[in-house]
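Participant: The primary structure of each chain is shown beneath.
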Amino acid sequence: MKKLSDKEVERLVKISYLELDNEFINNSAQSLTNIINWVQELKSIDTSSVQPMFCLADFLQQNFSTWRNDDVVNNASVNEILLNVPEKEDVFIVVPKVIE
Amino acid sequence: MSLTKYCILELSNLLKNKKTKPSEIINDHIKASKLAQQELNIYITPTFENATQEAIKADERWNSGNQKSEFDGIPIGVKDIFLTKGERTTNASKFLDNFIAPYESTVTANLKNYGFISLGKLNMDEFAMGSANVTSAYGPVVNPWKLTDNISRVPGGSSGGSSAAVASYSVPMALGTDTGGSIRQPASLCGLVGLKPTYGTCSRFGIIAYASSLDQAGPLTRNVKDNALILNCMAGFDEKDASMVKKQKIDYSANIGKSISGLTVGIPKEYTSDKLDSAVNTYWKNIANMLESFGAKIVEVSLPYTKYALPVYYVMASAEASSNLARFDGIRYGKQVPANTLEEIYKKSRTNGWGEEVKRRILIGSYNLLEENFNDFIQAAKVRALITQDFANVFKTVDLLLTPTTTGEAFGLNESPKDPIEMYLNDIFTVTVNLAGLPAISIPVGLGKLGLPIGMQLIGNYFSESTIYQVAAKIEEQVQFKDVSSFVVKNNLNI
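In the order they appear, the protein sequences are chains G and E.
The first sequence begins at 1 in the working numbering and counts up by one.
The second sequence begins at 1001 in the working numbering and counts up by one.
It should be emphasised that the hints constitute simulated quantities derived from the structure, not laboratory data.
We put the beta carbon where it would ideally sit given N, CA and C, even for glycine.
A hint or two may mislead.
[Claimed, not checked] One side of the interface only, derived from the structure: several residues of chain G facing chain E at Cβ under 10 Å:
(1) Glu8
(2) Ile15
(3) Tyr17
(4) Leu20
(5) Ile36
(6) Cys55
(7) Glu87
[Claimed, not checked] Short derived list, chain G residues pointing at chain E, Cβ under 8 Å:
(8) Val13
(9) Ala29
(10) Leu32
(11) Trp38
(12) Glu41
(13) Met53
(14) Phe59
Based on the sequences and whatever the hints tell you, model everything.
Facilitator: What follows is the structure in structure tokens.
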């Protein structure tokens, strides 16, 4: 059974923007191994004449989306948008310096 | 006497006949809710004061003949995954512990337009990831069906608070969401009717996304008619959800009471197993025989790609979840852990905000989204199409499929199904439906060996909810499931 190397797990943790300790990673090892093996299992199926289905619209070959005119629609006030911002100043969201 | 004993239709008739008023209904349900909260932990944020105020306004509307609808003033519970404007919405997570919804979800707005009054935001598995309501940051929910052995049991998940709220008579209806079975499975474990509608029937606008191609909102009720009446109110085209289908509004309850003679019901052979609880097997056979006795044709069908459903589900759902949860950065909302750099804020806030299960699924999803695994992801999407084609093939000759909802009764809070095949079967019954976007309902059919509820599932073709309700109502009429949870009996909430 294929298992992810420590380096591969580290990379997953990095791209997920998480900080995880070894205990958590060890506890999750089985789930990670399962998914790898499941992916292998799927590889054996002949799908040469099949279109991928990402959602129901793909399968039903219907365009579910509707279009509206490209008009400005004001659905939210500034107060609503900033309501849950942890750190703000006036109408700005405060973040650490990003440009040196 | 408690007004909690009445279902939605009964409450509506009482209101129409001036035998009661909204404030009395709300009052009785708040009393029941307080008891349930102490013992079962069903709410994350009760909103009893607001509900009382809304009930007074509803009283005035009924008095002046200006009621919003026949349901004006009837209480409901709302899974804490729905944004309700101005109210705390946590998705059962520390990350959103202080999050106040800046807007209202379409489904809750629709229900409020009919006059339904929310008693509060209901507990659930964190970020809808779980099937026992044990991953919530606000503590587990206890199933109101407790036996004399006094073991606390799970209500199912992720809509565990919703199912416990309805089964404890705290509300006659609660909203849930279903991504892999999260309405149907708790409905089965709590003796309720729970429907996952066809994908695209109810708007997902204002529902915190887990897996966007699988999520769907639906009602949990104590009977089939109530469920259909609620779906009438919830469903409807919303231009703010691009995955919605523009369909003419119909009365989903129209076929309830009609004969089922001539309908064909399929039994998928891949869902049978000697690992199923013997009581579940017995009910499955008996229900099929009963439907046949009323003129339905019962046939065996095959869904050959069933065995690949779990791999496909876990690849695609985790990938979608990982992508959806990338928005939680602690900058625009969510509990921020201060740090010196942006990257540190993201990492620390996300790590601190979520529990293990959520983080695990993000990791798995990230794996499936790696560039070098792109072809594997496409392969999973192609197998999803094959699974969906299986259903399309059988629906050429059958109207509905009859399957169990779960492998057995509710398990203890401190245990989980240990047999891997049992765990597999539990998921297979429900996730295939989400992958294909089909509608499905769970209805209680009786009690198992332990004395806890067991549910059966009906799966229909796209937009066949009326037919599903038609057959579900026949099953309900014949099984006469009148049992109630020990919590309800103990507190006299059904008399």
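Participant: Should the hint that tryptophan 38 of chain G touches chain E count as held when the rule is a Cβ pair under 8 Å?
Facilitator: holds, 3 Å
Participant: Answer holds if the nearest beta-carbon of chain E is closer than 8 Å to that of leucine 32 of chain G; otherwise answer violated.
Facilitator: Holds - the Cβ of leucine 32 of chain G comes within 8 Å of chain E, reaching about 7 Å at its closest.
Participant: With a cut-off of 8 Å on the beta carbons, see whether alanine 29 of chain G makes it to chain E.
Facilitator: Hint on alanine 29 of chain G: violated, closest Cβ of chain E at ~10 Å, above 8 Å.
Participant: Is the interface hint satisfied for valine 13 of chain G? The criterion is a beta-carbon contact with chain E at less than 8 Å.
Facilitator: OK, holds: valine 13 of chain G within 8 Å of chain E, min 7 Å.
Participant: Do the numbers back the hint for methionine 53 of chain G, that is, is its least Cβ distance to chain E under 8 Å?
Facilitator: holds, 4 Å
Participant: Hold the hint about tyrosine 17 of chain G up to the distance rule: shortest CB distance to chain E must be less than 10 Å.
Facilitator: Holds. Min distance 4 Å.
Participant: Isoleucine 15 of chain G was flagged as interface toward chain E. Is the shortest Cβ-Cβ separation under 10 Å?
Facilitator: This hint holds: isoleucine 15 of chain G lies near chain E, its Cβ roughly 5 Å from the closest one there, short of 10 Å.
Participant: Do the numbers back the hint for isoleucine 36 of chain G, that is, is its least Cβ distance to chain E under 10 Å?
Facilitator: At 8 Å from the nearest chain E Cβ, isoleucine 36 of chain G passes the 10 Å test, so the hint holds.
Participant: Does the closest beta carbon of chain E sit nearer than 10 Å to the beta carbon of glutamate 87 of chain G?
Facilitator: holds, 7 Å
Participant: May I ask you to test the interface hint for glutamate 41 of chain G with respect to chain E, counting a Cβ-Cβ separation under 8 Å as satisfied?
Facilitator: This interface hint holds because 6 Å falls under the 8 Å limit.
Participant: Given phenylalanine 59 of chain G as an interface hint, is the shortest Cβ-Cβ distance to chain E below 8 Å?
Facilitator: holds, 5 Å
Participant: Given leucine 20 of chain G was flagged as interface, is its beta-carbon under 10 Å from a beta-carbon of chain E?
Facilitator: At about 7 Å, which falls below the 10 Å cut-off, the nearest Cβ of chain E leaves the hint on leucine 20 of chain G intact, so it holds.
Checked against the numbered hints given earlier, the structure breaks only hint 9 and satisfies all the rest.
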